[in-house]
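In the order they appear, the protein sequences are chains H and D.
Residue numbers for the first sequence follow the numbering used here, so the first one is 1 and each next one is one higher.
Residue numbers for the second sequence follow the numbering used here, so the first one is 1 and each next one is one higher.
Read the hints as simulated data drawn from the structure, not as lab findings.
All C-beta atoms, glycine included, are put in the ideal place defined by N, C-alpha and C.
Keep in mind that a hint or two might mislead.
As the list claims (entries may be wrong) - Far from chain D, by Cβ distances over 12 Å, these chain H residues were calculated:
#1 57
#2 175
#3 192
#4 229
#5 290
#6 294
#7 340
#8 342
#9 356
#10 379
To be verified - Keeping only pairs whose Cα atoms sit at most 27 Å apart, straight-line, the calculated DSSO-like set for lysine-lysine is:
#11 94(D) x 51(D)
#12 339(H) x 151(D)
#13 329(H) x 151(D)
#14 107(H) x 314(H)
#15 339(H) x 74(D)
#16 64(H) x 19(H)
#17 51(D) x 151(D)
#18 94(D) x 339(H)
#19 329(H) x 191(H)
#20 185(H) x 295(H)
#21 329(H) x 339(H)
#22 99(H) x 105(D)
#23 107(H) x 299(H)
#24 277(H) x 185(H)
#25 64(H) x 74(D)
#26 151(D) x 99(H)
#27 51(D) x 64(H)
#28 295(H) x 107(H)
#29 191(H) x 51(D)
#30 107(H) x 386(H)
#31 151(D) x 64(H)
#32 329(H) x 314(H)
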Amino acid sequence: MAADQLLPKKNFIASVQPKEYSILNLGPTHPATHGIFQNVMKMDGEMIVSAEPTIGYIHRAFEKLAERRPFYQVTPITDRLNYCSSPINNMGWHMTVEKLAGIEIPKRVQYLRVIIMELARIADHIICNSVIGVDSGAMTGFLYVFQWREFIYEIYEELCGARLTTNIGRIGGLERDFSPLAWEKIHRFLKDFPDGLREFENLLVRNRIFMDRTIACGPIAADRALQYGFTGPNLRAAGVDYDVRVMNPYSSYEDFDFVIPLGTNGDTYDRFMVRQKEMWESLGIIKQAIDKLDKLSDKSSIHADVPEFYLPPKEEVYSSMEALIWHFKIVMGETAIPKGEVYHCVEGGNGELGFFLISDGGRTPYRLHFRRPCYIYYQAYPEMVKGSMLSDAILTMSSMNVIAGELDA
Amino acid sequence: MMMMQQLTLDQVQSRLGEFLGDALVEMEMLYDMLTVTVDKEKVFDTIRFLKEDVDLNFHFLTTLCGLHYPDAEKPFGLMIQLHNMPSNIRIRIKTFTSDTEPVFKSLTSLWPAANWMEREAYDFFGFRFSGHPDMRRILNMDSLEGWPLRKEYPLEDPFRKDKDDKMFGR
Numbered sequence: 001m002a003a004d005q006l007l008p009k010k011n012f013i014a015s016v017q018p019k020e021y022s023i024l025n026l027g028p029t030h031p032a033t034h035g036i037f038q039n040v041m042k043m044d045g046e047m048i049v050s051a052e053p054t055i056g057y058i059h060r061a062f063e064k065l066a067e068r069r070p071f072y073q074v075t076p077i078t079d080r081l082n083y084c085s086s087p088i089n090n091m092g093w094h095m096t097v098e099k100l101a102g103i104e105i106p107k108r109v110q111y112l113r114v115i116i117m118e119l120a121r122i123a124d125h126i127i128c129n130s131v132i133g134v135d136s137g138a139m140t141g142f143l144y145v146f147q148w149r150e151f152i153y154e155i156y157e158e159l160c161g162a163r164l165t166t167n168i169g170r171i172g173g174l175e176r177d178f179s180p181l182a183w184e185k186i187h188r189f190l191k192d193f194p195d196g197l198r199e200f201e202n203l204l205v206r207n208r209i210f211m212d213r214t215i216a217c218g219p220i221a222a223d224r225a226l227q228y229g230f231t232g233p234n235l236r237a238a239g240v241d242y243d244v245r246v247m248n249p250y251s252s253y254e255d256f257d258f259v260i261p262l263g264t265n266g267d268t269y270d271r272f273m274v275r276q277k278e279m280w281e282s283l284g285i286i287k288q289a290i291d292k293l294d295k296l297s298d299k300s301s302i303h304a305d306v307p308e309f310y311l312p313p314k315e316e317v318y319s320s321m322e323a324l325i326w327h328f329k330i331v332m333g334e335t336a337i338p339k340g341e342v343y344h345c346v347e348g349g350n351g352e353l354g355f356f357l358i359s360d361g362g363r364t365p366y367r368l369h370f371r372r373p374c375y376i377y378y379q380a381y382p383e384m385v386k387g388s389m390l391s392d393a394i395l396t397m398s399s400m401n402v403i404a405g406e407l408d409a
Numbered sequence: 001m002m003m004m005q006q007l008t009l010d011q012v013q014s015r016l017g018e019f020l021g022d023a024l025v026e027m028e029m030l031y032d033m034l035t036v037t038v039d040k041e042k043v044f045d046t047i048r049f050l051k052e053d054v055d056l057n058f059h060f061l062t063t064l065c066g067l068h069y070p071d072a073e074k075p076f077g078l079m080i081q082l083h084n085m086p087s088n089i090r091i092r093i094k095t096f097t098s099d100t101e102p103v104f105k106s107l108t109s110l111w112p113a114a115n116w117m118e119r120e121a122y123d124f125f126g127f128r129f130s131g132h133p134d135m136r137r138i139l140n141m142d143s144l145e146g147w148p149l150r151k152e153y154p155l156e157d158p159f160r161k162d163k164d165d166k167m168f169g170r
């Protein structure tokens, strides 16, 4: 296909002389795009006249796959949506099924889940913000904070055995309690991470070069952002205080005291700052959760009493008949699940991550639709980069935190 | 300063009932969400009413997806979810049709966000949206045949002989 057939014809720049634009194919794999994103850009010199994104390079048909998997086996699929914050996706899915089945989760488990989810949010924002630094030419900050992301992965490893695609928790609770080593690591993280984060902020936040580079880069106004279905830090950077944790609290978020950071211009700098402030808020939430756990009389429960969903402990599976039967029933999806349709959303790393689940009472979801925040707001990208420099387009993309796994599902 | 009146679910229900009249097929609470099934011809108008009415103010398009119930009288459906953020009310609009290649009125004139959502519904269910600026497949390759999320579409390549899954009832 000829290049100009790929692009809609737009007379963006009125020029006296007929101008010849050049076509730049950015991606699908390009070191600066951090993922599989293709954009066919029409360039006037270094300025972008229009961009045409092509997506779907890592599409894996999760919605179709989910229709053949027992509820319990859908969790690993959710890992692979936004793989920078898999635990949030896992918890979101568990909570969706719990909502469908009407399972009450003990407070202790809810608080433990909050700790895991906030750690995941910090890990997600570390990646996004440090990569903004890299794309604007500041490698140092990235190397400093990536140690902490690595440390969070070590905590995940201690909690569930996996690092990236965590498959953490179970429908009905958590797979296992936090080990003493996990607690030790979490406390060490809370003690030492603020210094690392401050160091990172010192490098970038008031850095003249970074500010000149990111302020007014890829801005979007609040009303436009809402029309484009923005959620999460990108919407908050434009000044709309929408956060699912506050709007529709889940997992006892209503018990916590935290601030929703807001920006004003919706540009790259604001998105960076909103994420930066959110990390501090997340740290505060984790501390509050630990305090609340100390005050709870319940010191041991890690799951609700739902043998139909919660896998029995392995020792029992190997030694008792009942546990073995339950194990098989759960793994094969032979549990009684009510009919119904339910929508549950959580505040993922990028915004409202929603699960629309229709159950016909069978062993698999009848229909499962993921509301992926990235997929919805990435369509604003051409509008956001139109008229800007190519290097600003790269920064805009990384500051929007478009994650290929979530985009393509 | 005048305080903005909070919208209640009852108000939404009565206003919608009034607006829809005979076009209302069903209105029910499914878990925490008001779900309204609407006659296909009236979907676009209903959504525009919900969005543009000053009091209702469902200004945010949360998500949109296709549905398929092969055994039903009207097998194909479209689900749209809207959100009124100031009053924090969510609503789900559904519509069903017996056409095998349904055409819905595109929501892109109301929200630019509907663009890719509708393309996804086209890509996976074969629903067409009249008035959509760019009705192409989005996640699947252009040369794909069939509509993958329709129930009759096999999950695995039906021509493969090297897989025997009868033990697992697939």
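Do the hints match the structure? See the list:
Non-interface call for residue 57(H) relative to chain D: violated, since the shortest CB-CB distance, roughly 9 Å, does not exceed 12 Å. Remark: the non-interface label on residue 175(H) is consistent with the geometry, its nearest Cβ contact in chain D lying 24 Å away (cut-off 12 Å). Consistency note on residue 192(H): stated as away from chain D, and its beta-carbon is indeed over 12 Å from all of that chain's, at 38 Å minimum. Not every C-beta of chain D lies more than 12 Å from that of residue 229(H), the closest at about 3 Å, which undercuts listing it as non-interface.
Every CB of chain D is more than 12 Å from the CB of residue 290(H) (nearest about 29 Å), matching its label as outside the interface. In this structure residue 294(H) is separated from chain D by more than 12 Å, as the shortest Cβ-Cβ distance comes to about 32 Å. Not every CB of chain D lies more than 12 Å from the CB of residue 340(H), the least distance being 6 Å, so the non-interface label is violated. For residue 342(H), the non-interface assignment is contradicted: its Cβ lies about 5 Å from the closest Cβ of chain D, within the 12 Å cut-off.
Remark: the non-interface label on residue 356(H) conflicts with the geometry, its nearest Cβ contact in chain D lying 7 Å away (cut-off 12 Å). Not every CB of chain D lies more than 12 Å from the CB of residue 379(H), the least distance being 5 Å, so the non-interface label is violated. A distance of roughly 16 Å separates the Cα atoms of residue 94(D) and residue 51(D); the hinted pair therefore holds under the 27 Å criterion. For a cut-off of 27 Å, the pair hint linking residue 339(H) to residue 151(D) stands: about 18 Å separates their Cα positions.
Taken as a hint, the residue 329(H) and residue 151(D) pair is honoured in the structure, with Cα atoms around 25 Å apart against an allowance of 27 Å. Only pairs whose Cα atoms come within 27 Å are accepted, and residue 107(H) paired with residue 314(H) is accepted, the gap being roughly 24 Å. Between residue 339(H) and residue 74(D) the CA atoms are separated by roughly 19 Å; this keeps the pair inside 27 Å, and the hint holds. Under the criterion of a C-alpha separation no larger than 27 Å, the hint pairing residue 64(H) with residue 19(H) is inconsistent with the structure, at around 47 Å.
A threshold of 27 Å between alpha carbons decides the hint, and for residue 51(D) with residue 151(D) the separation of about 32 Å lies outside it, so the pair is violated. With a CA separation close to 17 Å, the supplied pair residue 94(D) and residue 339(H) stays within the 27 Å bound. Our distance criterion of 27 Å between C-alpha atoms is broken by residue 329(H) and residue 191(H), whose separation comes to about 44 Å. Between residue 185(H) and residue 295(H) the alpha-carbon distance is near 21 Å, which keeps this suggested pair within the 27 Å criterion.
Proposed proximity of residue 329(H) and residue 339(H) is supported: the alpha carbons are some 18 Å apart, at most 27 Å. For the suggested pair residue 99(H) and residue 105(D), the alpha carbons sit about 33 Å apart, so the restraint of at most 27 Å is broken. Restraint check for residue 107(H) and residue 299(H): satisfied, since their Cα atoms lie roughly 10 Å apart, inside the 27 Å limit. As the CA atoms of residue 277(H) and residue 185(H) are separated by approximately 23 Å, the hinted pair is consistent with the 27 Å bound.
For the suggested pair residue 64(H) and residue 74(D), the alpha carbons sit about 21 Å apart, so the restraint of at most 27 Å is met. Proposed proximity of residue 151(D) and residue 99(H) is supported: the alpha carbons are some 25 Å apart, at most 27 Å. For the suggested pair residue 51(D) and residue 64(H), the alpha carbons sit about 31 Å apart, so the restraint of at most 27 Å is broken. Of the pairs offered as hints, the one joining residue 295(H) and residue 107(H) holds, with about 11 Å between alpha carbons and a cut-off of 27 Å not exceeded.
Proximity of residue 191(H) to residue 51(D) is assessed by CA-CA distance (about 48 Å); at most 27 Å being required, the pair is judged violated. Pair hint residue 107(H) plus residue 386(H) does not hold up; C-alpha atoms about 48 Å apart against a cutoff of 27 Å. This hinted pair checks out: residue 151(D) and residue 64(H) have alpha carbons roughly 9 Å apart, not beyond 27 Å. With a C-alpha separation of about 14 Å, the suggested pairing of residue 329(H) with residue 314(H) holds against the 27 Å cut-off.
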